[in-house]
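Trainee: One-letter residues, chain by chain:
2 protein chains.
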Amino acid sequence: MQKIKARRLPGIFLLAAATVMLLAGPLAADEGMWTLDNPPLKQLKEKYGFEPSAAWLEHIRLSSVRVGDGGSGSFISPSGLVLTNHHVALGQLQKVSTPQKNYVADGFYAPSLADELPCPDLELNVLISMENVTAKVLAAVKKGMDPVKALAAKKAAIAEIERLSLKKTKLRSDVVSLYQGGEYWLYRYKKYTEVKLVFAPEQQAAFYGGDPDNFTYPRHDIDMAIFRAYENGKPAKVSHYLTWSANGAAENELVFVSGHPGSTNRLMTLAQLQFSRDYGYPLRLQSMKRMLGVARAYAAKGPEEARQAAGMIFGIENGIKVSSGEYDGLKAAGILEKKAAQEAEFRKLIAANPQWQAQYASAWDDIAQAIEKQKPRMKELSYRRVPGMRLGGIALQVVQLAAELQKPDGERLDGYHTAELESLRFRLFSPAPIYPGLEEAMAADSLKLMLEELGADDPYVKACLDGKTPEEAAKALVAGTQLADPALRRKLVDGGPAAVAQCRDPFIVLARKLDPMVREMRKWQEDEIESVTRPAGEKIGQARFAVYGKNAYPDATFTLRLSYGAVKGYPMNGTLAPYKTTFYGLYDRAASFDNKYPFHLPQRVADARDQLDLSTPLNFVCTGDIIGGNSGSPVINAAGEVVGLVFDGNVESFMGRFFYDDTANRTVSVCSQAMIEAMNKIYGAGNLVKEILGK
Amino acid sequence: MQKIKARRLPGIFLLAAATVMLLAGPLAADEGMWTLDNPPLKQLKEKYGFEPSAAWLEHIRLSSVRVGDGGSGSFISPSGLVLTNHHVALGQLQKVSTPQKNYVADGFYAPSLADELPCPDLELNVLISMENVTAKVLAAVKKGMDPVKALAAKKAAIAEIERLSLKKTKLRSDVVSLYQGGEYWLYRYKKYTEVKLVFAPEQQAAFYGGDPDNFTYPRHDIDMAIFRAYENGKPAKVSHYLTWSANGAAENELVFVSGHPGSTNRLMTLAQLQFSRDYGYPLRLQSMKRMLGVARAYAAKGPEEARQAAGMIFGIENGIKVSSGEYDGLKAAGILEKKAAQEAEFRKLIAANPQWQAQYASAWDDIAQAIEKQKPRMKELSYRRVPGMRLGGIALQVVQLAAELQKPDGERLDGYHTAELESLRFRLFSPAPIYPGLEEAMAADSLKLMLEELGADDPYVKACLDGKTPEEAAKALVAGTQLADPALRRKLVDGGPAAVAQCRDPFIVLARKLDPMVREMRKWQEDEIESVTRPAGEKIGQARFAVYGKNAYPDATFTLRLSYGAVKGYPMNGTLAPYKTTFYGLYDRAASFDNKYPFHLPQRVADARDQLDLSTPLNFVCTGDIIGGNSGSPVINAAGEVVGLVFDGNVESFMGRFFYDDTANRTVSVCSQAMIEAMNKIYGAGNLVKEILGK
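Taken in sequence, the protein lines are chains A and B. Our numbering applies: residue 879 is where the first sequence begins, and numbers increase by one. Our numbering applies: residue 879 is where the second sequence begins, and numbers increase by one.
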């Protein structure tokens, strides 16, 4: 089960994100998350005898959809139907649910357009064009500029490119840094913010087997949801969408995954991996386990509390499982030793060439030094957070947005540039419900953690607690705030710095006090860390090109990528995992656990048993190279048809963050046949099936 | 999938067998293979609140059956029905099959007594009594005897005890060495050699999933077979037999396994473990892999050849899987380090007590020195084998038996004592078919291996080849021999040394030449190795009692043991393995692999789908402590009823040879309900079900 955890990472993990790198050494079979400007044509031809045309690639690209801030999807009808995962749709399902209608637990189906349910804050993106703007970005850096100025100049140039593109095309315009800054590309997206929910099964069918089965295989999940994109109040007419395969995927068949992998760290230096192992993961896991405890205790209070916390609990459990897997992998015997040997070999080759030595050799030590510099501030960077589940973040964003809008675009904090504002406002002003009880519980615990770790004398802690206990402070904040009302947020932003300065809402008051400290940490990270690690990363990227050549793909950046591979099982636990599972397996697993949580069958699934063809393929695996963010990606055959829906990687794929090994690393998907069988026979969604099949 | 590999071990592995040892340190939950004179009453009462009565224990003992030379079973009807595994019955199924009737592939069912099929050479044993004869055995060793004489004296005493017991009781009488010679017990068995086959499914249903699924779980095997014991031409009337549970085993239920674990090595010294890792396992695996290649090549020649080699291929694949698992475990990080720390702690405690130091401390070094002494002769001990699959062994046994019968009982080679003769003759004169083609192929390859490893100048190799190539020698041996006829073997043995000396059968001629060299190696191992390692093992056993107390069970010795534990799943591959599987899972696995080998459904199983209740429990796991030899053991509930049939351990149990860890070590069994459902609805064996259920 994969979902990108972007925007949840505390500051300490920025180092990793800021230094995504290229691959070292030769590629493994079926390795790679390829950009659409540089698809793996050679590999496809040599290994699979397949040569995709430019039109084929364009069709796949324009049928692919980025869903929200962490998922993928695809158009599957000319009238804007978008297929993605239930767990990608979970946030919206949570937000449209009420104490009376729990769509997470019960599922949803709109038999007609009139029944479709508007989503409060879901943005879909379709990649319309890609333009290499490397020269323009690099031109901003003048000879002799110091690293801090050089970084600022590049950022300003990027903001200007984005602003001009937006103005000219009205399309969402993002400059993306690939190959650690080796290339910069302007990606333009068509944006849909008018989105409705069409179909979702019960979470228990989508996430069958719960946390234990999450990230494992064999699997039995109907992890699907269907939205519809609208434009001007009508279903969007899309000219590129994927048709449905009649037979699904066969064993050993070549398939493609088109989606948005969030981040990989395949060329982290040894120092960075050690830092992740010794600091990053333990801190992250400590924090997540604590949050999970709070969320579970809240959910235990009653059914309505359980409903409110459901989406969050899923997210945290998911995060803990993947982070534990990655952490265990880094600690496993031989992994870092392998990395050390690889790095030593790379550096030896560089040292053997005087020109390379002069240009690149310093990069590793630069990064190691930056890490050492960061260590003394680790606790601050990790634990100084805005309290609450959503309210604290909203308050800080309101305060910062009002201030940043006063500045020229190029001087603003990242996240507040002109080209980013529309999406930012869309999220910030979302009418999605906020649960005060949950906010208070989360705020109290994060304040407690902060107090324990940083002490009562830390100025940030002082500002947060204001002389109260964590519980009192959380209670006062949540009881006194009106920020759950999006109208207030809008009023404050529209009123500008003056309105913000006068506001007496306790969360805004707190955010005003925290803002200077947050800005100081951010600036310190940029000036002291990022200004060093970014150019060092660039050097390593260039060295990679110089030493090993340029047949490569960049680390994942939550932008569109094409992966490819074969549908096939793998050696597992002493035997073989099959390439697919069937509905038989679902009923087996339920019966094997005496229908106990989390292996119980939803009532509708139990009732449908005799209607189903139990031999229908349910889930399958392929070797395609993915990571969190790919959830919801279509799996496509050579004819461009949907044969499946990516929803997870297996446990053997955890180390895929650091390297790809096709022995057992597998992408787990829902079979196209299972989706049709379930919609028809379990959920009575025959009309929807007809639209998907074009009948 | 477990089957003891007794009698297949080449000489090199004797060291391990000769030094089976006690456990070190405190017991894990549910650990132990307990002798029936010392059942784990304390643990059962404390953990499960169960107090078995003496009558309960006696009933279980007298219902338990040792099957042949490597399996277990139980009486399940008053008319002598014996339940065991298909893979325990496989040898007999192979032997009763013909080119026209392949009972291995097709299964067998006798709807009436008249249809039951006589087995050529299956012996069943029921443990009638146990008597502690330690004092009698030890009395044979006089003060000041040198180790070689002491060993011989003990062996002579044992032979005499067995001989007298047999004479007096007519029961099979075996003296068993427990706790490395800390105790000697006289076990008396009622013996059945008139045994008929009643029921067996197709091998594909019994061994569903083949070699890949072997030793794994979740599992879907109907690994059962049913024999009937006869006496004087009539079904044996047995007063102790197990009744069938109506509902099978529930999750977390206390269950018992009563069977005959073959051997464990839980208190091998560090030196022995290292020796096993560095010499024992690599040599064994090399040899087995080679044999497998030969057997597969032979089977590929045609359907009749495939039929002949089927049982053998199963046995070798099984052996390779378990040995590879144990070998990988010994090589895994931390295992030997853990052992080293345990041993160092033990020796430290001994050293701290001057009396213990004087009595026991030398044992570890004695063993290490014996190992060093053995190393230079390793190649001879490993590769000097009698050629052929069965013919070479038969010839050597004929030659040795004729000679040994001339000596007083106490001076004979082990295996030829008076008390052992009846069982020996039963096997040696078996009319089971011998396949000349397979014999020749196996002989040629073992001669080739011998030549490669020992060289043409080795006198043993010279004797075997007699100037020919391995292929020529094998051809001449097999073409010229009449030993496939049991009448010739009997005639030779009855004719005594003179008949053997005059015989011109090429296998007998060869065995006469090899016999002195085999005897020399055997004597060398006794005098130089065993005479040292046995008393050293005894010392370690005594030290164990002195330091840690006597709440212990002895290492496994293919004698009756009682294990206990709970029915429960375990953490597996990132998720949970359920405590049971169902028939749904069988159909799922077949469909998941597109019904391809070895996951295809037998036609009868496929056809019965709609008749079966697919939610019927099929296989289940429990924590009971078992090892190869336990195959066919009944799983019994507290009421003494059959709830299952042990047929395997999971991959996590491989290290059970060396230590028990209840985290994931599990015994895998067929559910009682599955056997009834299958016999009734797949195999039309309703009459048999009625007899079992007592209806």
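No wet-lab data here; the hints were simulated from the structure. Since this is a predicted model, take the numbers as computed values, not measurements. Even glycine gets a Cβ: it sits at the ideal position worked out from N, Cα and C. Among the hints, a few may not be true.
With the Cβ distance kept under 8 Å, some of the chain B side facing chain A (calculated, not the full set) [what the hints assert, rightly or not]:
1) S990
2) D1091
3) G1207
4) A1211
5) N1451
6) T1453
7) G1463
8) D1472
9) V1529
Here are the computed lysine-lysine pairs in the DSS-like style, where the Cα-Cα straight-line distance is at most 27 Å [unchecked claim]:
10) A:K1474 / A:K1446
11) A:K1216 / B:K1216
12) B:K925 / A:K1474
Trainee: Among the hints numbered above, which are violated by the structure, and what are their numbers in rising order?
Mentor: Numbers 1, 3, 10, in rising order.
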